[in-house]
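Between the sequences and the hints, there should be enough to build the whole structure, so can you do that?
Chains A and B are the protein sequences, given in the same order. So the first sequence is numbered by my numbering: it starts at 1 and just counts up by one. So the second sequence is numbered by my numbering: it starts at 10001 and just counts up by one.
Some hints could be false.
To be verified - Some chain B residues well away from chain A (every beta-carbon gap over 12 Å; in silico): (1) Val10460; (2) Thr10626; (3) Ser10629; (4) Phe10644; (5) Gln10659; (6) Ser10682; (7) Asp10988; (8) Gly11011; (9) Glu11175.
Claimed, not checked - The calculated label-pair distances, taken between Cβ atoms and stated as ranges, are: (10) B:Gly10640 / A:Asp204: 52 to 62 Å; (11) A:Ala111 / B:Glu10593: 16 to 26 Å; (12) A:Lys98 / B:Val11161: 17 to 27 Å; (13) A:Pro214 / B:Glu10780: 19 to 29 Å; (14) A:Lys98 / B:Gln10204: 48 to 58 Å; (15) B:Ala10597 / A:Pro203: 29 to 39 Å; (16) B:Ser10767 / A:Pro203: 17 to 27 Å; (17) B:Val11161 / A:Gly277: 15 to 25 Å; (18) A:Pro214 / B:Pro10048: 42 to 52 Å; (19) A:Trp222 / B:Glu10780: 50 to 60 Å; (20) A:Arg101 / B:Gln10204: 50 to 60 Å; (21) B:Ser11176 / A:Arg118: 51 to 61 Å; (22) B:Val11161 / A:Pro203: 25 to 35 Å.
Rather than coming from a laboratory, the hints here were simulated on the basis of the structure. Remember, predicted model here, so these are calculated numbers, not experimental data. Ideal placement from N, C-alpha and C gives every residue a C-beta, glycine not left out.
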Amino acid sequence: MPDLGTEYLGLTLPNPIVASSSPLAERIDELRRLEDAGVSAVVLHSLFEEQINLESHDLENYLTHGADSYQEASSYFPELSAAMGPESYLEHLARAKKALRIPVIASLNGASPGGWTRYARRMEDAGADALELNVYFVPTDPAMTSAAVERMYLELVQDITSSVAIPVAVKLTPFFSAPVHMATELAAMGAKGLVLFNRFYQPDIDLENLEVVPTLALSSPWTLRMRLRWVAIMYGHVAADLAVTGGVHSAEDVIKSMMVGARVAMMTSAVLKHGPGHVTKVLDDMAAWMEAHEYDSVRQMRGSMSHRAVAEPAAFERANYMKVLRSYALKGDRRS
Amino acid sequence: MPRAQMLDGNEAVAQVAYLASEVIAIYPITPSSTMGELADQWASEDKPNAWGAVPTVIEMQSEGGAAGALHGALQAGALSTTFTASQGLLLMIPNMYKIAGELTPTVFHVAARALATQALSIFGDHSDVMAARATGFAMLASGSVQEAMDLALVAHAATLGSRVPFLHFFDGFRTSHEVAKALPLSLDDVRALLDDDAIRAHRQRGLTPDHPVIRGTAQNPDVFFQARESCNPWYLACPAIVQQMMDRLAARTGRQYHLFDYEGDPDAEQVLVLMGSGAETVAETVEVLRAEGRKVGVLKVRLYRPFSGADLVAALPASTRRITVLDRTKEPGAPGDPLYLDVVTALMEDASGAAPRFATMPRVLAGRFGLGSKEFTPGMVKAVFDNLASAAPRNHFTVGIDDDVTHTSLPFDATFSAEAPGTKRAVFFGLGSDGTVGANKNSIKIIGEETPLHAQGYFVYDSKKSGSITTSHLRFGTAPIRSSYLVSDADFVACHRFSFLERMDVLGVAAPGATLLLAAPCPADEVWDRLPAPVQAQIIAKQLRVFSIDAAAVAKAAGMGGRINTVMQVCFFALSGVLPRDEAIAAIKHSIEKTYAKRGEVIVEKNFAAVDAALANLCEVPVPATVTSRLGMRPAVAPGAPEFVQLVTSRIIEGRGDQLPVSALPVDGTWPSGTSQWEKRSIAAEVPAWDQDICIQCGKCILVCPHAVIRATVCEPAALEGAPDGFKSAKARWRQFGEQRYTLQVATEDCTGCRLCVEICPVKNKSETRLKAINMAPHEPRLAEARAHWDFFRQLPHTPRSELSLDHVKDVQLLEPLFEFSGACAGCGETPYLKLMSQLFGDRAVVANATGCSSIYGGNLPTTPWTTNGDGRGPAWANSLFEDNAEFGLGMRVALDQRRRHAEALLHQLAGSVGERLVEELLGASQDTDARIATQRERVVALRAALAGRDDAAARELDALADVLVKKSVWIVGGDGWAYDIGFGGLDHVLASGRNVNVLVLDTEVYSNTGGQMSKATPRGAVAKFAAGGKQAPKKDLALLAMAHRHVYVASVAMGGDDGHVVKVFREADAFDGPSLILAYSHCIAHGYDLVHGMAQQKLAVQSGYWPLFRYNPALAEAGQRPFVLDSKPPSIAFQKYAYNETRYTMLAHAHPEAARSLLVDAQDDVLARWRMYESLAGIPHKDEVPPSPEAPHA
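Put into structure tokens, the structure is as follows:
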């Protein structure tokens, strides 16, 4: 039996498959099923500060709308019996922590500098083993420079890493001009891990109703390619643990992720599609592959196919693009 | 010594009642609803009663039901209570006789309210409790918040001690809703007064099979009478027991009450006798009059039943020469109102007894005051004393009004004041939506609880549900406050909406030298120039100091939207100086934290930001020595209004209705229709603007407009000649209208700015998709033009009905609405249905309207939205009660049918003289289309012409009855509280009757008018008052129950789901010659979302299958078809996708996620199960169809 063990954010994990944030993480029984299926850690769904604020505003708005305006009805709803805010998330986190043996990583999407640090601390207090920052910002202001955006990210990460003792990972967007430099800077600000990459809702156009519709499709194995490239390039240059998220569906995907240099591979879409039992299958497949190919451990393969370890580093560079085009042309020629 | 709290009367009473009870049966009714709501809330929070158990709070289907449940609970040995008022108390009366007859201890707490007579009134007087005085209940009256709390406990204690049930009452609104400083009673106080032995005895009397008894026998003439007298000892003992409990309370709290409490000169010669909050004002006035040397006093009646005449007489000073008894009720035709008669009897019996107290029996006069919360002020009290002192005093007088018809009223000096010197008074004019009342409740709580000052808050609202004006009356000072009337001579006046200054006399209430705080939409240096001349004149004359703040801008910057409450509250504290500034700010922040913490940190933070920004923006406005403005006040009603509207309605709108004399008002509650069109409120900041170039003329905006402000017509181009500049029209997109023009116009001054029209518009501008064919635009710049356009539009001809195909929404838009500009909420989901009904059948409709939202926006003064067409025809509308509406409407139908039969008989009788053919046509003509109805109207005209000049009785009678020959449509309208709960029994009977009535249920799924209490229409999983943990049971399927009758037309509609279906259903219901029931999905502010999405939510409700659209038409069965047609498609989205857009569902998901999830699963199951059942109903083979035999091979 090969050793599937790995280390991520200072946590020693029996295997590199981490359940990434998904609706399954919202239910304790599902989390237990994931654990039973073999995931080595779990990232909870994100606490969105903006959503909490929005819900607070909405609730305040609708509870006060019409209140104290009319003689016969001083209000239209009973008093709220529980407080709005992060409490239900934090309670869920604490319950998850109690119910599971594997590490629980809380995920946070803040909206204000104060909110990020406040909620990060409360997650730590609620028992999170680590924190994943789900940071994204869509710069729509034409006057905002990329340097300013980067500075914002870095200050944020520094604020948070200096206010909590648990390890902090940052989930990155793929849209930096210089991703590797950005990654090293983030590590310098205290990020212990970098998760590549965040997937966003993308707007689509509903032609019948002339409306913009947000969409998010489940990831496909194809999604993995971009992650593999950037982990491969970053490996060895960045003083932080790298994690792949997005497009990890099979044992092969996990193995590829390890080979380019990731410490863990996070899985969501495949689990949503096939159920938690899929994890067991992937782990079995992985062990079988490693045995068949005579790998002793995951550590052994870590970074073996990274940018600096491969024979043809250019394959991760621009030339790759042209080669692919040529191969398509050839295929086309053969068809015709 | 407990710490004083600021409480309103309802909460003060509910605290005691909750502690002293095990079972609380409730039903919402203004102004008592809050007591039940608080009890339910405390129970849901597991708050224990005095014995450590959580009381069971159960909402019933009516007050009759609550009384019945209570009677049962009492019989089974539980300590039980209820809260009610007005008509609710009337419904409890049968059980009250039983409960009293069985000597069962209980307390009914009543926020005393007027009974509906010539009109409904939600306000306070004693007509309800007086109607219950013969039931055998003891009756205990409180006159202030503290008294209400204290005597609530005395009532609970005395009922246990005496076995006589108690009705404890206090004045609706004046006491139930006044926020005042009170010392709360502790759990120990409650335990100390409630006698354990008496409680044990009560429990032991409870029915149990372990030692069974029989109660509720039927007794015959041999014993009934004797048995009825058997209770006498308990009634005789009762007053002493009450006094004993009052003494025990005094021993614990120092507050001593007596059965009759006298205050005033020990040697008084003139004494007023009365009950309730008015007695506080009399006591206050007595002090002032005594200071002037007058020998006067007041006797407050606490225990009204059992009436202890001897105690009353003993409580009067021996020096008493003259007495006036003031009743707050009216018994037309009686020799006097009840308290007066009781006092006279007591004095007579004393005088004729063995040892009379008075050498000469005092002369007793009767007066009536304060009906329906009419103000009762020191000036009025003085007038009563002056009358009493005069050589020829008036008897059976009224005070507080100008009775210029039967001349009962006493004149009074409105400027006479009896308030304690040093009491500060403040009045705030706010808009319902700006949070003014909430902030003032907060302020008065801060003053009352954070300082040693006495404090009082009372809040007045107008009757509109959109753009309502609120007035907050605050008092505070070192002396106790006993003024149970509104503030005048205010030291501080705040106007939170600048436009009020030109609409009403805001400064009339200001005392000379007062401070005026304005929320102005401009910098302080521009304020003066924007003030109307009369306002400037008053500022100068009264030497007011004026301050202003652009509160809207400050609030907006702090993220508070339109809620300027916090900003204005800070300014009030800064200017009033009631607390040092820093302390005030700290107290405000503390109270913000307490109020908003549960709603989230971000809410607290934005309020803090508003507090911090307020003071920096508060500026003093320099006041010049002379009036510089040329602006006048806006007229209350539009020019051209009818005389009645000019003389009467306008005075009510201006807030001067109190000054209208008796002669100005209709004698029998009959008011003219169509007066809302003259009240131009201009409450919307943004109003719809039409883009004629891209409009497809579908009429959807017109259909959904809740206030009927969007209208269209198609007319010849020539009709548009002379149109004002900018008047828009487009070629009509109807084949039959050729080159005619279509125009769509907006009554912007009547618009509430709800935006439903924009949301429903299906057209998008191809170059800029955010724009539609109707868009919101700022009102102010367009006001004059829009007014001119509207006036021009109103005189355009209406498209003839004969040219329209009324099956289509597109054509229906051209029908004139006869329901317009109501006071309903902005975005109301009910009113579009009523408007549609009025468009289709209004000129021949009679409407019976159950009490509730629709009777308030449909019939609450000052103005009435039901209106008439150019021929003077329109819906005739009446409201009877809440519980009886189906029966009320049925009565109308029966009467119309009866009158028609009479007319038919007369036609037969007179056929020879008026023409056989005409008679034949009148009797036989079909009236199934608008055109045929129009022809029948012409026949009636011909008939009248034939009858003209004849003076024989039959002809005259037929002439009077002739209109009934034209088909009438009877509509029975009400909400779900009526149809599903309180009125269900009657509704069921009316449907069973087979008579041709149309029942329209405006289903908001809660009691909307009283503030969102659960009804049986409330869906599973939704949060409502009385269902704080989410309703556990599914919504009752009223349609299915109605279909069980088999001969009833039943339909379920949702305008946002399918508007064409609504039109079709309304027309089928009207056409169906039998009872029809339409269940209409009505979105409501009690659902908790922005109602701009109301129609979209309706669509989701239909798509999820939660609200299926269907018709059950017995006429189809007659024609050999399946009667049940499912008109909507099978569920295509999850119930959650619809429900979780609404706070009524999501607040449970926030508070109790697990419970919400489980209820959501059940609710989804409900939807699917119901859908499957309806599918099978739609597939039920008709009786003539041969069902497939079991042996037949399956395909």
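Can we confirm that no CB of chain A comes within 12 Å of the CB of glycine 11011 of chain B?
3 Å, violated
Taking the beta carbons of serine 11176 of chain B and arginine 118 of chain A, is their distance inside 51 to 61 Å?
Given a distance of about 55 Å, which is inside 51 to 61 Å, the answer is holds.
Does 19 to 29 Å hold as the CB distance between proline 214 of chain A and glutamate 10780 of chain B, or does it fail?
36 Å, violated
Determine whether the Cβ-Cβ distance between valine 11161 of chain B and glycine 277 of chain A falls within the hinted range of 15 to 25 Å.
24 Å, holds
Take the C-beta atom of glycine 10640 of chain B and the C-beta atom of aspartate 204 of chain A, compute their distance, and say whether it sits inside 52 to 62 Å.
Given a distance of about 55 Å, which is inside 52 to 62 Å, the answer is holds.
Between lysine 98 of chain A and valine 11161 of chain B, does the beta-carbon spacing fit 17 to 27 Å?
The hint (17 to 27 Å, Cβ to Cβ) holds, given that lysine 98 of chain A and valine 11161 of chain B are roughly 25 Å apart.
Threonine 10626 of chain B: least C-beta distance to chain A exceeds 12 Å?
39 Å, holds
Cβ distance range 50 to 60 Å for arginine 101 of chain A and glutamine 10204 of chain B, holds or violated
58 Å, holds
Run the C-beta distances from valine 10460 of chain B to all of chain A and say if the shortest one exceeds 12 Å.
Not fine: 8 Å to the nearest Cβ puts valine 10460 of chain B too close to chain A.
CB of proline 214 of chain A to CB of proline 10048 of chain B, is that within 42 to 52 Å?
Given range 42 to 52 Å: holds, Cβ gap about 49 Å.
Nearest-CB test (12 Å) between chain A and serine 10629 of chain B
31 Å, holds
Evaluate the condition: distance from the CB of glutamine 10659 of chain B to the nearest CB of chain A exceeds 12 Å.
21 Å, holds
Hint compliance for this structure: hints 1, 8 and 13 are not met, and every other hint is.
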